[in-house]
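Trainee: Listed here are the chains, written in short residue letters.
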Amino acid sequence: MEMFDTFIQIFGSGIRLGVPLILACLAGLWSERSGVVDIGLEGKMLSGAFAGAAFALFTGSAWLGLLGGVAVTVVVSLVHGYASIDQRANQIVSGTAINMVADGLTALIGNAIWSQGGRTPEVPETALFNAIELPFVDDLEGVPILGSIYRHLISGHDILTYVAFAMAPITYWALYSTRFGLRLRAVGENPAAVDTAGISVRGLRYSAVIICGVLVGLSGVYLSLAQAAYFQPHMSAGKGFIALAALVFAKWRPWPALATCLLFGFLDALATRLQGVELPLIGAVPVQAIQALPYILTVVLLAGFIGKAIPPKASGVPYVKER
Amino acid sequence: MSTSVRALPAWADVALIPLLNVAAAFFISGLVVLAIGENPLEAVQILIAGAVGDLEGLGFTLYYATSFIFTGLAVAICFHAGLFNIGVEGQAYVAGLGAALASLYLGFLPGYSLVIVAIAAAALFGAAFAAIPGYLQAKRDSHIVITTIMFNYIASALMGYLLVDVLRTPGQMNAETRQFPPGGIVPQFHEVLKPLGIVWPVTPFNLSFLLALAAALGVWALIWRTRLGYEIRTVGVNATAAVYGGISPARITVITTLLSGALAGGLAVNVILGEEHRLILEYTAGFGFVGIAVALMGRAHPVGIILAAILFGVLYQGGAELAFDKPKISRDMIIVIQGLVVLFAGALEHMFRRPVAVLLARRTTQPPI
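Chains Y and F supply the protein sequences, listed in that same order. The first sequence begins at 59 in my numbering and counts up one residue at a time. The second sequence begins at 260 in my numbering and counts up one residue at a time.
Note that these hints are calculated values from the structure, not bench results. Ideal placement from N, C-alpha and C gives every residue a C-beta, glycine not left out. Some hints could be false.
As the list claims (entries may be wrong) - Below, computed lysine-lysine pairings styled on BS3-like, alpha-carbon distance capped at 27 Å: (1) F:Lys398 x Y:Lys371; (2) Y:Lys371 x Y:Lys309; (3) F:Lys398 x Y:Lys309.
To be verified - Reference listing, derived: stretches of chain F covered by chain Y, where coverage requires no fewer than 3 residues with Cβ under 8 Å from a Cβ of chain Y: (4) 320-333; (5) 468-477; (6) 546-555; (7) 569-576; (8) 608-614.
Sequences and hints are given; from them, build the entire structure.
Mentor: Below you can see the structure in the form of structure tokens.
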């Protein structure tokens, strides 16, 4: 039974660590499926986290914090969109620029306003996204195993966690069952064909970039208003890049993206849990080995040793209308 | 790219447009300083005084510039082959391991032959760590951007493990190796100049600077004066055409990434062998990423890279002084400037082309084509 409780705990923190990955990964999925490569997820996540915390502190409302965080992230996303779509820039360069500017600017502004080395003050409890208790938790208490799973894994998360989990099926539905989704996927594979059909490549790509901004903005807000109660410089700590790895690992598909992010979140939780623990037979596993696992797995996949990750055909290629 | 952009005179292409791009980056930076309630002109004054106002500041500036010449060259050489190596940070980190292992464990080598071996080891380790993404790009078509990003984190985990659990001196709190022996370090200028009767203040500025200049010359000669350089540029411009010219893009990709990783090793030479004299956790401090800004700003040409590296040296050294004088303008401001340079000199490099072309066409009597 103790073993079971430990598992529940690790899975629980795996879910919490997976949520920002899920949102950021789906954000990248929208952008890259439309043909705009996005290695700026890390920077956008930081922007969302900072703006979310700042707006929540100024207004005292979690929802206004969310609105501010998402709005700022969408603006940052549009800068990348403008460079990638209108200026036909190298999208890797643009994403790198976004990461640097966001990393520096959030710390700089935070330090200028609060003079705590870039850290914001603690956001009050009332301006945070707090855990929600789902109905029937107490009724199911008596049921063995399921009761505990329901209480600790399914219930007791904040609203953003449920939103993140809902976004995977919504993304799946929108991409594969709507006209907009079909066109969006087409523009990432063969923009010339979409253009020939009289549909605006530019419009579709900008929509994707905005959706990307909203989703990755939510992941940032989750970091500062749900997982923690403050913003601190560099707090995304590479999560944007893990989300990118997950996107590749999931081969740019929504359901596998959800599963991969949960797996990577679980690995993260496991790494913390196994710190200094002697395992039977294996001995102590270096924490760094587990931390590096998502990256190693992604490289192995990219190398084509387990299946093959093929990105959308036109991703990263600016579209030039024929004249 | 060129289909919609009007041709510009050569001077505008080489000087005016890059200057406009960088000016835009600094203009926005000035607005940021203004927005946080400080005077940008005063900030520039403090920054420049701190960076080049006295010999000590200059020493630090050139020490930073040395690092940036190496990382800038590492990024730039890949640009020429059409590759984007974001992994300079990780390659330099692992190169530090090579430098440290050689310096610590080959102490039997006489005199300064030890440091030469240590420099070679840094280059070798950097190249070896770059080899895997290079090979995967060349032979298995895995995108080098993604793999090098992943390799940065793998390097960080690997080095973290080695420094904390393996290389750390027993009983030491800090995750670092012990000090290198005297023969295993690159001498600093104040020591070298003392016997000559020249007094140079004690700064980390060391002989690696000369190695960096030599590397810049070497890269220039390689890219524009050798057969290999021609092949690298051909693959960069059009890999398909290169195949028809009898060039193997896969081979060029591997060779270029190896050279890039070796150049990244220069960061370890300057910082680890030249200043720290021991391997420390996360010593690269983002300098590998500065190389991206330097390479873009210097337009991947060694002369441009040296100039851009010195500018970033000024920013890093002067920025430290500035943060001391004006706590509101923390060192994060330098990261912002760096990012804006990448944005305007890299991503938005063509933004000013059309207006400039229109303006120039109007001024000359020639009718626009």
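Trainee: Now, for every hint given, state plainly whether the structure supports it.
Mentor: Structure-based check of all given hints:
Distance hint between lysine 398 of chain F and lysine 371 of chain Y is fulfilled; the C-alpha atoms sit about 19 Å from each other, no more than 27 Å. Proximity of lysine 371 of chain Y to lysine 309 of chain Y is assessed by CA-CA distance (about 12 Å); at most 27 Å being required, the pair is judged to hold. Restraint check for lysine 398 of chain F and lysine 309 of chain Y: the C-alpha separation of about 20 Å stays at or below 27 Å, so the hint holds. A stretch counts as covered by a chain when three or more of its residues have a beta carbon under 8 Å from one of that chain; for the stretch 320-333 of chain F and chain Y the count is 0, and the coverage is violated.
Counting residues of the stretch 468-477 of chain F whose C-beta sits closer than 8 Å to any C-beta of chain Y gives 0, which falls short of three, so the coverage hint is violated. Counting residues of the stretch 546-555 of chain F whose C-beta sits closer than 8 Å to any C-beta of chain Y gives 4, which meets the bar of three, so the coverage hint holds. For the stretch 569-576 of chain F, the assignment as covered by chain Y is violated, since 0 residues bring a beta-carbon within under 8 Å of that chain's beta-carbons and 3 are needed. Check on the stretch 608-614 of chain F: 3 of its residues sit with their Cβ under 8 Å from a Cβ of chain Y, so the three-residue criterion for coverage holds.
The structure fails to meet hints 4, 5 and 7 from the earlier list, while all remaining hints are met.
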